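With chain A fixed as given, assemble chain B onto it according to the hints.
2 protein chains.
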Amino acid sequence: MSFSIAEAFAPATVANLGVGFDILGLALPAPGDIVVARRRTQPGLTITKITGDHGKLPLDPSKNTASVAAMKVLQLANRLEVGIELEIHKGLPLGSGLGSSAASAVAGAVATNALLGEPLTRQDLLEPALDGEALVAGRHPDNVGPCLFGGITLFTRADIGGLRTLPIPSDLHLALVTPKVEVTTAQARAVLPPTIPLHALVHQTGQVASLIDALYRGDVPALAQAMSSDHIVEPARKHLMPFFDEVRQFALQHGALTVTIGGAGPTLLAVCRRADDAKTVAQAMSDAYQQRGIANLAHHCQVSLQGAVVTNFQ
Amino acid sequence: MSFSIAEAFAPATVANLGVGFDILGLALPAPGDIVVARRRTQPGLTITKITGDHGKLPLDPSKNTASVAAMKVLQLANRLEVGIELEIHKGLPLGSGLGSSAASAVAGAVATNALLGEPLTRQDLLEPALDGEALVAGRHPDNVGPCLFGGITLFTRADIGGLRTLPIPSDLHLALVTPKVEVTTAQARAVLPPTIPLHALVHQTGQVASLIDALYRGDVPALAQAMSSDHIVEPARKHLMPFFDEVRQFALQHGALTVTIGGAGPTLLAVCRRADDAKTVAQAMSDAYQQRGIANLAHHCQVSLQGAVVTNFQ
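Residue numbers (this note's numbering), protein chains in the order written: chain A, 734 to 1047; chain B, 734 to 1047.
One or more hints might be untrue.
Unchecked claim - Here are some, though not all, of the chain B residues that point toward chain A, as calculated from beta-carbon distances under 8 Å:
no. : residue
1   : T889
2   : R897
3   : L925
4   : T928
5   : I929
6   : T938
7   : V941
8   : I945
Think of the hints as simulated: they come from the structure by calculation, not from any bench. A quick note: this is a predicted structure, and the numbers were derived from the prediction, not measured. Where is the CB? At the ideal position from N, CA and C, for every residue including glycine.
Next up, chain A with everything else stripped away, as it sits in the complex (with noise of 0.2 Å):
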């Protein structure tokens, strides 16, 4: 079986959670990135139509996440004969730190695969769709798991056994601001620190196992603890966001547990034990960028256990 047009949704998903950096990521129910799959008669692939990124996202099919992940399911699936064209519908900014490009890569391979009757399993599109981010932001599966899968993710080494789903707290709520500045992935890994002295990683490693424990006994105090632990990224990084420590401080004062870098940022993401104090963080964090004159979208949800869904197809 295989279809004419399929469309895929793949969600924002935030990275790192503080001291996770490079292994921990989780999904948000939403905003995110829609991609349209149509059958078209000759072979190839070609990108049709992008819309909302502002005229910034290249056309060519070699240098765009979602058509690099949607090739390399055709030739996953030993299908090159067939011709596909992409529409791209862009529902996270760039460079926000809500893993725009790990959404579009993932919702490329979805689309695809569904265009095809999916003839790969959701574990085959990992690779496709880390092909696709490696465009952008080198191969780092931390959004493109959760993306895929859902959740929240551990990644601990390079290949596709080591991706693990672990379990998401109940009581756990988020809250997050994404301020309108752009900062690139390579930008904020530019800024860390090339080497870490000894103590900084017994640290680092006893805050990280922290945090597991902490997500399997569902203890929400003790993962904000956890999170907001990190020595070595945040430090380094906080200078390329925004007012980071007073927004931060204005969320604390307002009921977040605490609050981290969104992936490489500017996206704050605070964590609350009550949907009413997240959402209260929401627009206080809101609110503090707006009083300093920095437009912003802010929102507050819980981890969603679903990854990229196939939206339509006939």
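This is chain B only, laid out in the frame that chain A set:
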């Protein structure tokens, strides 16, 4: 209620577990150290006898881990008027990687607390035991934690609240061999790199996260995989362990899932899934050292849920 004599047993412990350097440790059922505390009429603390140490440990109570811990118990309990004589029976070889100094400190603290009628909780004894341990190895709670509380412990912060007991997979079986060569903690610390590259941090945090995840899922093969993925401490230290690679290889051939250095060494810890395997592996490792002319002690066991115990009082 108080007593005229109290005796405590504190078991061997194995710290680090590969990637869990300075944060993880586990308790063995045996061997261990025994400390006997007796009241004497005049206040103050003396050590009347030490056995099993080949004359290496100081009788000066200000320089012995057991008596320093005991003294701190008297202080915390506000019972400095009590006079105590200690006898220390070392069941654990010094500098063996089995937590010898921690065991003496813990046994000293537990025996003294028992003698006083247990005015302090087990939790209260962490501080005194750490003070004792600090004489020899610095304040490293990765041995003191499991020695006091049993099981597998995670230590994440420099305060008592940071100690957490983790689940123990029911099919986790251990084989241990202690070659009769001494590796001091100071020596083993001196060979560690002062700094590490950032990518090594990412690897190590990922593996530690995987180790905690494996404990919660009761997945012994995944636990072994994570334990054996230390790229920092083991490579720097293994030249201090005689025939490390050969004995490790021998253990793997006989059914071990992995072999890591116990604490600062030279004890080697092998992980198995069955009691039979652990028995075979212990024998194989012992034979391997024997054939190379190195006397050794080997045994197999499971993690002990029991930490130090009061074995006698009257």
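query: With a cut-off of 8 Å, does the beta carbon of B/L925 approach a beta carbon of chain A closely enough for the hint to hold?
result: 6 Å, holds
task: Using 8 Å as the Cβ threshold, decide whether B/T889 counts as touching chain A.
output: Where the cut-off is 8 Å and the nearest Cβ of chain A is about 4 Å from B/T889, the hint holds.
- prompt: If you take the shortest Cβ to Cβ gap from B/T938 to chain A, is it below 8 Å?
  reply: 4 Å, holds
query: Going by Cβ atoms only, is B/V941 closer than 8 Å to chain A?
result: 4 Å, holds
task: May I ask you to test the interface hint for B/T928 with respect to chain A, counting a Cβ-Cβ separation under 8 Å as satisfied?
output: Interface hint status for B/T928: holds (4 Å vs cutoff 8 Å).
message: Let's test the interface hint: is any C-beta of chain A closer than 8 Å to that of B/R897?
response: 6 Å, holds
task: Go through the hint on B/I945 and say holds or violated, using the shortest Cβ distance to chain A against 8 Å.
output: 4 Å, holds
- prompt: Should the hint that B/I929 touches chain A count as held when the rule is a Cβ pair under 8 Å?
  reply: 6 Å, holds
Of the numbered hints stated above, none is contradicted by the structure.
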